[in-house]
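As they're listed, the protein sequences go chains R and L. Using full-length UniProt numbering, count along the first sequence one by one with no gaps and you end on 597. Using full-length UniProt numbering, count along the second sequence one by one with no gaps and you end on 248.
Hints listed in this document are in silico derivations from the structure and should not be mistaken for laboratory results. A couple of the hints might just be wrong.
Derived BS3-like pairs (lysine-lysine); straight-line CA-CA distance at most 27 Å [claimed, not checked]:
| no. | chain 1 | residue 1 | chain 2 | residue 2 |
| --- | --- | --- | --- | --- |
| 1 | L | 219 | R | 586 |
| 2 | R | 422 | R | 388 |
| 3 | R | 416 | R | 526 |
| 4 | R | 266 | L | 141 |
| 5 | R | 517 | L | 60 |
| 6 | R | 259 | L | 132 |
| 7 | L | 78 | R | 517 |
| 8 | R | 586 | L | 80 |
| 9 | L | 6 | R | 517 |
| 10 | R | 266 | L | 80 |
| 11 | L | 20 | L | 60 |
| 12 | R | 416 | R | 354 |
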Amino acid sequence: MLWKLSLTGIKSRFKDYAVLFSGLTLSASIFYMFLALALNPKFLKDALPIGYQITQVVFGFGIVLLAIITLVYIVYANSFLLSMRKRDYGTYMMLGARNRKIGRLIFSETLVVGLIATLVGILIGVFLAQGISNLLISQLQLVIHHFVGFYLPAVLWTLLFFAILFFLAAIWNRIKLTRSSLIDLLHEDQQPVKLQKNNARLILMAIAGIILLAIGYWAMSAVKLLAETSIPVALVTIVSGSYLVFSSFFTMMINLLRKNANYTFKGLHAFSLGQLKFRIYSYNRILTIVSLLFALALGAITVGLNFNGMTEQNKQTQYYDLIIPGNPKKYQAEIDNLGIEETERIPFKMKGEKVYVSKDEILKKKIKIQYFYVKNAQAHYKTLVLNKKNFDKIDSSDFNQNLPTNYDLPKYVSQKQFQALKGQALVVNVYRISNFERNWKKIAKIQETVIKNSDKQYSGISPKVFNYQAAMLVASGFEFMGFFLGLAFLAMLASTLMFKVLSGANSDRPRYQMLWKVGAQTRLLKQSIAKEIGVLFSLPAILGIVDVLFGLQFFKALLPDPYKNIWIPFVLFLALYLIYYLLTVKLYESIVLKKDK
Amino acid sequence: MTEILKVEQLTKTYGKKGQKQYQALKGISFTVDKGEFVGIMGASGSGKTTLLNILSTMDKPTSGQVFINNQDITALTKNKMSDFRGKEIGFIFQDFNLLENLTNRENIALPLALQNVKARIINDKVEAIASKLGITTILDKYPAEVSGGQKQRVASARALVHNPSILYGDEPTGALDSKSATELLETMSMLNRQDQVSILMVTHDPYSASYADRILFIKDGKIGNELKKGEQSREEFYQEIIAELGRR
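The shape of chain R in the complex, shown without the other chains (with noise of 0.2 Å):
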């Protein structure tokens, strides 16, 4: 009878239902996804064959964060279905069911609903993974094979993962409904909050709360002097930070706007204060957590499409763009095809391993370089035109890579010494294409059949389009990590938000019916949830785009520019944030709104 009763519940409030469902197979299919990518090795191995290493502890890294908010986001997500479920499961106590069959009851219902929709999540993480994949690899041109929808440990990790968190989820729900005493379910959330009304406290914890930020802002950015420890600093002293300062902050402005008679009075100001109020101190740790994903998640993204930025700088590291050794007669057609800006010949003898250049010819031809220096810990490339002057610059350029050394550094010598020395003959012919970025899938393609077609004592060369497709390679790879953990994240924290606003609608649901009893007009009554539910929203996006802002420092290292076309992802990302406080914003007005029948 319970059972049916139980069902009959799950039926009436389908809505609902459907919110918590959705919201747990996403996060189910992301967490299939994540671990599609980052137990495949073989997708990994091709995607970035040069840092496969160090991928795979960014994506253990990348394993532990999901893990961390999916549990969170499960923790925040079950507590909705517990407020969901109260009030019924209180009614039927009071109808006289036993604390166990309850027990059992919420018990079995959690672990049901959690698992088919972990299922129902893998299902789609399936589909999704081969969907989102082809399309970020088209969207972003990234080159990216082998990756399938489907990969078994995968499926099993996600399963158990998940098998693992309802599981505890419904041993809490039970514990928290059969411990609780009747009247708690029936009225739960009526005790006011009193507010912290000290004032120089407040300004302490704010002060100490900045202070915590500041250091954590400059741990990000003195990589450098910390090494290791910048990250564990910046952790701790941001996390602590953010907390204090939702705390303080939050505290404060809604004293200091109560304090204001005219403020208070005015339509449902003096409603809305009292709705934040509270809550606060359960807010204040969400928000705080919500700041850091927001952070996280918007940092990915951006590093990610940076890696760019990476391939940019790239195309920087050599000056010509295809080498021809011997006779380029055979290729000349095609050369000419591409539109050569210019163009120059370097004889060379080799003799064993050793290569031999003669000084002066180069001087003749204004053999062109790109000279590498290092300037405030970032690297930087400059075009010189070699002269006498500068000639000794050539050893830290990419001159030697138009030429098959191997091992040492190119020899030069005089005109005269060059023709008295005993070696062979040989010639690479090197050009400058007008058009990199646009044609360099044509030059690799000239590239590969003349290294394929020539004599093996040329072997030893590296041309550009070999090095700018291997960038190319890792960059992709980096981007997709970024642009994937990224909008993960979004959608977990978003949700997790979402949630917490969420669960405590149906406490709040007799409060709106009574203003409208009292006459607040049905527009008025949405412009203050739009209103509540946009602080709640706005606070933790504006620390978190202060934490982006200054974190990114911390890639100063590793990118040429973070900070490049950072409106790009900024835009994206506050776009999808917004999608989502939109339908809060509608959910929770459905649960809120609804009339008694």
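Since the structure of chain R is provided, determine the placement of chain L on it from the hints.
Just chain L now, with coordinates in the frame of chain R:
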């Protein structure tokens, strides 16, 4: 005497056409004069709540009209209804319906705040009604920190702070102990006599009803008998009500 409330041939049917229908109100007509204290009595399921919901613009009738201050409230749009409710009607509920997350002062100020009255004026009016109801000292406490009787006084203050045309009471003493209930009824009676507040109170408690000038008995969706206090004392009227209830 001017009519503050006029109800004409009010019906309310639940359920859609073609399905099983239930008629909660079957043609109710009556009037309340300005400054009158009218009680409506009836057993559970007699249609009391439905009637009160319609009279307070929270529900729409199937047919018939309701005039408050000569304004046909059944013809109003949704938003106008909310505004009308906020300006012209005061409501005291059985379970107080106070917002626990607002102080008592903020609760009382709510109807005025919704009308965008200036903060200074709001404060004056709140203080005025609070001193009349004897709750000045608890204004800055939260509802959870005061007794049931005080809560209902706060609710009454909220119902009256904007000088509504009519005050509705839906079993206002239902959740109060007998001492608090008597105090509240005395207060309502005082407001009615001194300030000419028109009151319509729904109750099934004969003691509460005996404070009214006139009582309408509602039974199965129709108005049955009507009792008038006239020159009787409250105790005598109480006996008459008991006798009337016993007749059925």
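Right, here's what the structure says about each hint:
Annotation: proposed proximity of residue 219 of chain L to residue 586 of chain R is violated, straight-line Cα distance about 42 Å (limit 27 Å). For a cut-off of 27 Å, the pair hint linking residue 422 of chain R to residue 388 of chain R stands: about 26 Å separates their Cα positions. Between residue 416 of chain R and residue 526 of chain R the alpha-carbon distance is near 89 Å, which puts this suggested pair outside the 27 Å criterion. About 20 Å separates the Cα atoms of residue 266 of chain R and residue 141 of chain L, which keeps this hinted pair within 27 Å; it holds.
For the hint linking residue 517 of chain R to residue 60 of chain L, the alpha-carbon distance of about 14 Å falls within 27 Å, and the restraint holds. Our distance criterion of 27 Å between C-alpha atoms is met by residue 259 of chain R and residue 132 of chain L, whose separation comes to about 25 Å. Using a Cα cut-off of 27 Å, the hinted pair residue 78 of chain L and residue 517 of chain R holds, with the two alpha carbons roughly 12 Å apart. Restraint check for residue 586 of chain R and residue 80 of chain L: satisfied, since their Cα atoms lie roughly 23 Å apart, inside the 27 Å limit.
Proximity of residue 6 of chain L to residue 517 of chain R is assessed by CA-CA distance (about 21 Å); at most 27 Å being required, the pair is judged to hold. At roughly 19 Å between alpha-carbon atoms, residue 266 of chain R and residue 80 of chain L fall within 27 Å of each other, so this suggested pair holds. Among the hinted pairs, residue 20 of chain L with residue 60 of chain L is consistent with the structure: their alpha-carbon atoms are about 19 Å apart, no more than 27 Å. The straight-line distance between the Cα atoms of residue 416 of chain R and residue 354 of chain R is roughly 18 Å, inside the 27 Å bound, and the hint therefore holds.
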